[in-house]
Structures are given as structure tokens and as C-alpha cells.
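Could you slot chain L onto chain Z? The hints should help.
Those protein sequences? They're chains Z and L, same order as listed. 80 is the number that the working numbering gives to position 80 of the first sequence; each next residue is one higher, with no gaps. 82 is the number that the working numbering gives to position 82 of the second sequence; each next residue is one higher, with no gaps.
For the record, the hints were derived by calculation from the structure and aren't laboratory data. If you're wondering where the values come from, they're calculated on a predicted model, not measured in any experiment. Errors might be hidden in some of the hints.
[Claimed, not checked] Pairwise CB distance ranges (calculated):
id, chain 1, residue 1, chain 2, residue 2, range
1, L, T115, Z, D89, 27 to 37 angstroms
2, L, A54, Z, T87, 34 to 44 angstroms
3, Z, D117, L, I39, 38 to 48 angstroms
4, Z, A110, L, A56, 31 to 41 angstroms
5, Z, E92, L, P46, 18 to 28 angstroms
6, L, E86, Z, A21, 32 to 42 angstroms
[Said to hold, decoys possible] Far from chain L, by Cβ distances over 12 angstroms, these chain Z residues were calculated:
id, residue
7, E9
8, A22
9, V41
10, K49
11, T72
12, Y81
13, T87
14, Y90
15, D94
16, G101
17, A102
A virtual CB, placed ideally from N, CA and C, is assigned to each residue, including glycine.
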Amino acid sequence: MWNMIDLIEGKRRQSAVVNLAAAGVANAGNVMVVSTFAQGVGTKTLQIKRLKIRNNNCGNTWLHIGTGAAGTYVDAIPALYSVTNTTDDYQEFDLPQVQLGATITAYPEAVGAGSFDVQIECEEIG
Amino acid sequence: MGYDLIPHKSGIGSMEPVALIGHNVCVKYASDNHFRRVIWFEAVPPFQFLDIGAVAAATTSPRTQATNLQFWRNEFGQIRWYPMDEAQIRMFLPSADGRYNLRNLQSPVDPTIVTRDPDLHFTECYIWEDRNPAFEAINYTGAALARCRLVGMGYRFVTEELPIADITRIRAGSLQCTYLVASGFSGKP
Numbered sequence: 001m002w003n004m005i006d007l008i009e010g011k012r013r014q015s016a017v018v019n020l021a022a023a024g025v026a027n028a029g030n031v032m033v034v035s036t037f038a039q040g041v042g043t044k045t046l047q048i049k050r051l052k053i054r055n056n057n058c059g060n061t062w063l064h065i066g067t068g069a070a071g072t073y074v075d076a077i078p079a080l081y082s083v084t085n086t087t088d089d090y091q092e093f094d095l096p097q098v099q100l101g102a103t104i105t106a107y108p109e110a111v112g113a114g115s116f117d118v119q120i121e122c123e124e125i126g
Numbered sequence: 001m002g003y004d005l006i007p008h009k010s011g012i013g014s015m016e017p018v019a020l021i022g023h024n025v026c027v028k029y030a031s032d033n034h035f036r037r038v039i040w041f042e043a044v045p046p047f048q049f050l051d052i053g054a055v056a057a058a059t060t061s062p063r064t065q066a067t068n069l070q071f072w073r074n075e076f077g078q079i080r081w082y083p084m085d086e087a088q089i090r091m092f093l094p095s096a097d098g099r100y101n102l103r104n105l106q107s108p109v110d111p112t113i114v115t116r117d118p119d120l121h122f123t124e125c126y127i128w129e130d131r132n133p134a135f136e137a138i139n140y141t142g143a144a145l146a147r148c149r150l151v152g153m154g155y156r157f158v159t160e161e162l163p164i165a166d167i168t169r170i171r172a173g174s175l176q177c178t179y180l181v182a183s184g185f186s187g188k189p
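With the rest of the complex left out, here is chain Z (with noise of 0.2 angstroms):
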């Protein structure tokens, strides 16, 4: 029987593929935008629903995954272990379902002489 009980479930949107070649909460770089143009109050926020990373050539580190940049940066969820030439994929079973209210943004504590790829597919919800 159809119902309403989905109605808190929200969109799904994937960002593009971004490319971080800069290491360091200063660098942090926006991976999903919220949106903010909807029509009357439209309030919207980003649940992570799954998480791909690529480290290319950054050697073992720490990627970080949340909101703001430099001194407003704060971390969505814990960072996130990469060993380097691999690829990751965390999927929503492997994630805090984190409503974030602000744009998604990342950065890895080091880079050496390569750089980290991040997509991401959230749930839009408002």
C-alpha cells in the first residue's frame, strides 16, 4: 500500500568528481553544494549516502570530510584513513547519517605529489 512514511526521505544528488591537489584545512575544496534557491522556505539538507575516494600517489593519510573551510571548518564525520594508490568506497550502512545544513567540503592532510578525487551522493532533504 502506498504511503507517506518516505516523506522525511529526501533527493538524491551526486556531485561531480573533484580533484584535491592542495593538502590542509586551508585547502579545504567544496564537494556538494546545498542548495539554497528553492521557492518559499525550502530549507534543505545533505545526508551522505555514499563515498568514493580515490588517493592517487598521496602516500598513507587522512582524508576529512565536513563543512567550512580554514577557521570555520569543522568535521562532519570522523577522518578517514587512505592508503595510498587505493580506492574507497563507503556506502550509508558505513556512514552517520549527519544532516548537514551547509555545502559538503574535504581535504586531505597530505597530498605529497599527487592528489585525492572525492564524489559524493547525498540525500537532499526539505
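Here is chain L on its own, set in the frame of chain Z:
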């Protein structure tokens, strides 16, 4: 008609208009009885009508007017609603009168309503013209809430006044009329 349209009706997983074009209604607001005939109506799909805003942990927000739920003159709305964020929401209509009242408790609505009452028919309320409801958010959690969003949906009805003769027939019980409550009632002692 052969098919009943009644307040708070829940068909199989759906919402229905409380009246159709040509039907008589009496919208009760405070001590006023607005006897009207529906001349036009349309659906209002689900939309976010209010963000009460940030609420500190274990705190109740100020009572916030939902002006997005106002209707034009001679109109009333039939609205069902639910909260999206982790708060208990108390509804007031008008601002001084709580809705969903028991003798000792005003029943709040929280996000679990979408599983406990998937059709939201217990939340159904009627809004006369610009007499919009107001809402309070009770953050029952130990963490601050950054936002408190409410989503509503329903129908908008345009009406015209009924002639006195028809109102007399309605009061005598010889003409159909659906009575709708559009404000709170403090109860008789």
C-alpha cells in the same frame, strides 16, 4: 452524492478534499460560524511552509506564526502537515489557543507521525482566510537543533456567502452542510 467527504478522512493512503464545488460548509472560527458554499478549489502539493529555526537543547522555541498558511478573503484551507526535524511541535490556532488538546496535555506532533499515522489525517486542520496557525518547537534532545522544518499539503477552497434562507435550512437539518473547526476550543468547565 453517494460518497462521503468528511473532515480528517483517511482513504487508503491518501487525502481527499473535505468538500467539492457546490457543497455547503460552515467554517467555525472562535465564536463565528461562516456558512459558505464552495465555488472553486484546488490542491496544494507538499511544500515547506515554515522553518522555526535553531532551537537549543532541551528548550522550547518562541511561538512562530506560519504566515505561509494564510489564504485570501472568502477562502479556507484544509492542511495536513508534519515536522522534518527532531522536535515535538505544538500547534496553536489562533496564537492563543492550543490545538490537539486533551484536558491535561496538548498533544504534540513529532517526525514519527509519518510512521504512526502515514496519511497524517490526525494533523488535519482548517484555516479560515488569514487566520494562520502558529507553532512551537520543543527540542526534546540533548543536542542543539540547527533548524526545524515543517511541511504541509492539502487543498485551497474559494467560497461565497450562503443566503439566509439556506442557513436556516441548514440549521433546521434539511440542507447538507459540513462543519469545519478552524480554531481551538478551551473546553467548557
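Each hint, compared with the structure:
Between T115/L and D89/Z the C-beta distance comes to about 30 angstroms, which sits within the given range of 27 to 37 angstroms. Restraint check, A54/L to T87/Z: a C-beta distance of roughly 38 angstroms satisfies the suggested window 34 to 44 angstroms. At roughly 60 angstroms, the beta-carbon separation of D117/Z and I39/L lies outside the given 38 to 48 angstroms, and the hint is violated. A hinted range of 31 to 41 angstroms holds for the C-beta pair A110/Z and A56/L, which are about 38 angstroms apart.
For the hinted restraint 18 to 28 angstroms between E92/Z and P46/L, the CB-CB distance of approximately 24 angstroms keeps it satisfied. Here the CB-CB span from E86/L to A21/Z is close to 38 angstroms, well matched to the stated 32 to 42 angstroms. E9/Z, annotated as away from the interface, has a beta carbon of chain L within 12 angstroms; the closest lies near 10 angstroms. The Cβ of A22/Z lies farther than 12 angstroms from every Cβ of chain L, with a closest approach of about 29 angstroms, so its non-interface assignment holds.
With a minimum CB-CB distance of about 4 angstroms to chain L, V41/Z fails to clear the 12 angstroms threshold, and the non-interface call is violated. With 12 angstroms as the threshold on Cβ separation, the claim that K49/Z sits away from chain L holds: the shortest Cβ distance comes to roughly 17 angstroms. The claim that T72/Z is not at the interface with chain L holds, since no C-beta of that chain comes within 12 angstroms of its own (minimum 15 angstroms). Every Cβ of chain L is farther than 12 angstroms from the Cβ of Y81/Z; the closest lies at roughly 27 angstroms, confirming the non-interface assignment.
Its beta-carbon lying about 33 angstroms from the closest one in chain L, T87/Z satisfies the requirement of being farther than 12 angstroms from that chain. For Y90/Z, the condition that its CB be more than 12 angstroms from all CB atoms of chain L holds, with the nearest at approximately 23 angstroms. Even its closest Cβ contact with chain L, about 22 angstroms, leaves D94/Z beyond 12 angstroms, as expected for a residue assigned away from the interface. Look at G101/Z: its CB is around 5 angstroms from the nearest CB on chain L, not clear of 12 angstroms, so calling it non-interface is violated.
Its closest Cβ contact with chain L, about 9 angstroms, brings A102/Z to no more than 12 angstroms, contrary to its assignment away from the interface.
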